[in-house]
Each structure stands twice: as C-alpha cells, then as structure tokens.
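Those letters in the sequence shown? Residues 1 to 210, per the working numbering, in order.
Be careful, since some hints might not be right.
[Stated by the list, open to error] What follows is a list of derived Cβ distance ranges for each label pair:
(1) S113 - V68: 42 to 50 Å
(2) G37 - V97: 17 to 25 Å
(3) L98 - W26: 32 to 40 Å
(4) W105 - K148: 16 to 24 Å
(5) L36 - R145: 41 to 49 Å
(6) G37 - L94: 32 to 40 Å
(7) I15 - Q107: 19 to 27 Å
(8) Q107 - S138: 35 to 43 Å
If you are wondering where the hints come from, they were derived from the structure by calculation, not from laboratory data.
Heads up, the beta-carbon is just placed ideally off N, CA and C, and yes, glycines get one too.
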Amino acid sequence: MVLTTRLPAGATQGIAHIAAPLPLLWVICAVSLEALGADPVAELTAFSGEAAVVFLLLSLAARPLRRVSQWDWPLRIRRMLGLWAFAWASIHILIYVLLDLGGYWPQLADDLSKRPYIMLGALVWLLLLPLAATSTKSAMRKLGRRWKQLHRLVYLAAPLAIAHEIWQEKTGWGDAIWHAPVLAVLLVARLSVQPFWREAQGPLQKSRNR
1 MVLTTRLPAG ATQGIAHIAA PLPLLWVICA VSLEALGADP VAELTAFSGE
51 AAVVFLLLSL AARPLRRVSQ WDWPLRIRRM LGLWAFAWAS IHILIYVLLD
101 LGGYWPQLAD DLSKRPYIML GALVWLLLLP LAATSTKSAM RKLGRRWKQL
151 HRLVYLAAPL AIAHEIWQEK TGWGDAIWHA PVLAVLLVAR LSVQPFWREA
201 QGPLQKSRNR
C-alpha cells in the first residue's frame with residue numbers, strides 16, 4: 001500500500017527548522033553547564049562527528065522515503081539536512097584544529113601524515129564543500145545536468161565518512177555499528193526503488209495520456 005498523506009509545506013519545514021538546531025542547542029547548554037565530563041574536547045569532537053553523519057544519512061533517506069510513501073515533505077527538507085551535515089562536519093574540523101590542536105598547524109600536518117583517518121575525514125569535508133556551495137536554486141539552474149552529477153558525490157562522501165568513524169575507533173566500530181547498516185539500506189533502496197518506481201509509474205502515465 002502506498003501512503004499518500006501530505007503535510008502542509010510550511011508545517012513540515014517549520015518542524016524541521018525547529019528540530020535541526022536542537023543538537024547545537026544541546027552542545028551550547030552542555031558547554032555552559034560544564035556537563036561534558038573529564039574530556040570535553042573529546043566529547044565535542046565525537047558528538048559533532050556523529051551529528052554530521054546522522055544529518056548526512058537523513059538527507060540520503062529523503063528520496064527513497066518520497067518514492068515509497070508519496071510524501072512531498074522529505075524532498076522539501078533534504079537540502080536543509082544536507083547543509084546541516086556540512087555545518088556539523090565543519091564544526092567537527094574546527095573543534096579538532098582549534099581546541100584539540102590549539103591552532104598549531106605543524107601538528108596538523110604531522111597528524112595528517114601519521115593518522116590516515118584524519119586525511120580521510122578531510123577528504124569527506126572537501127567532497128561536501130562543493131555540494132553545500134551549489135545547494136541554491138540559482139546554482140541548479142546554472143549547472144543544469146551537471147548539478148545532479150556533482151551532487152552524486154554524496155554517495156562517495158557518506159561511506160567515506162563512516163569509514164573515517166570506524167578507522168579512528170581503537171576498539172570496535174563505535175557509532176558506525178548502526179550508521180553502516182543504515183547507509184547500506186539507503187544505498188540499496190536508491191538502486192532498487194527507482195526501477196520499481198518507474199515500472200509502477202508506467203501504467204499510470206499511460207492511463208493519464210489516454
């Protein structure tokens with residue numbers, strides 16, 4: 001059965017805009033109350049990295065959810081989710097460079113050479129950067145078909161982000177133990193739902209054209 005419930009555009013976007021900043025609000029409150037434990041920098045680094053991955057996964061879930069449910073609202077908030085993913089990835093890097101390293105750039109160069117997972121994280125951020133920069137409607141018009149080709153980089157950035165998570169863990173997979181299966185499901189849905197959807201839409205389109 002296909003779900004056809006549609007929520008008003010303003011309502012869904014309003015809810016999303018209220019909910020999306022809540023993790024950042026939590027961070028601000030936790031820092032203000034000194035509630036981040038014995039190593040607040042490590043806590044902030046871990047939290048910001050997980051937030052980036054979660055928002056990235058949510059943005060990837062928008063299109064499969066739209067195709068399966070017929071809801072319009074996932075696509076209306078997809079861009080915002082992607083921008084929040086980039087924002088959290090940027091915060092993650094800033095915390096590492098400014099708080100963990102104290103802005104000492106020679107140490108950054110040393111870490112990049114000795115800790116490959118940091119290089120991988122930087123690569124993920126570089127992949128997300130052009131996606132965030134071209135997320136506007138004007139960029140879509142200017143790039144045309146190339147816009148979709150460019151934004152397929154997200155399907156490279158997401159698994160690399162989870163690989164970055166796994167690689168830096170000293171024991172086990174950490175949060176990636178559930179991030180990785182969710183991404184796998186979303187990638188399979190991306191590959192399998194589209195042909196099914198086109199096949200299902202075929203008879204409907206023919207009936208409309210009669």
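Status of the hints after comparison with the structure:
1. For S113 and V68, the Cβ-Cβ distance of about 45 Å falls inside the hinted range of 42 to 50 Å, so the restraint holds.
2. A hinted range of 17 to 25 Å holds for the C-beta pair G37 and V97, which are about 21 Å apart.
3. Taking the beta carbon of each, L98 and W26 are about 20 Å apart, not inside 32 to 40 Å as hinted.
4. Checked against the given bound of 16 to 24 Å, the beta carbons of W105 and K148, roughly 37 Å apart, lie outside it.
5. For the hinted restraint 41 to 49 Å between L36 and R145, the CB-CB distance of approximately 46 Å keeps it satisfied.
6. Look at G37 against L94: about 20 Å separates their beta carbons, and that is not inside 32 to 40 Å.
7. Between I15 and Q107, the C-beta spacing of about 42 Å breaks the proposed range 19 to 27 Å.
8. A hinted range of 35 to 43 Å for the beta carbons of Q107 and S138 is consistent with their spacing of about 40 Å.
Hint check: violations occur at hints 3, 4, 6, 7; the rest are consistent with the structure.
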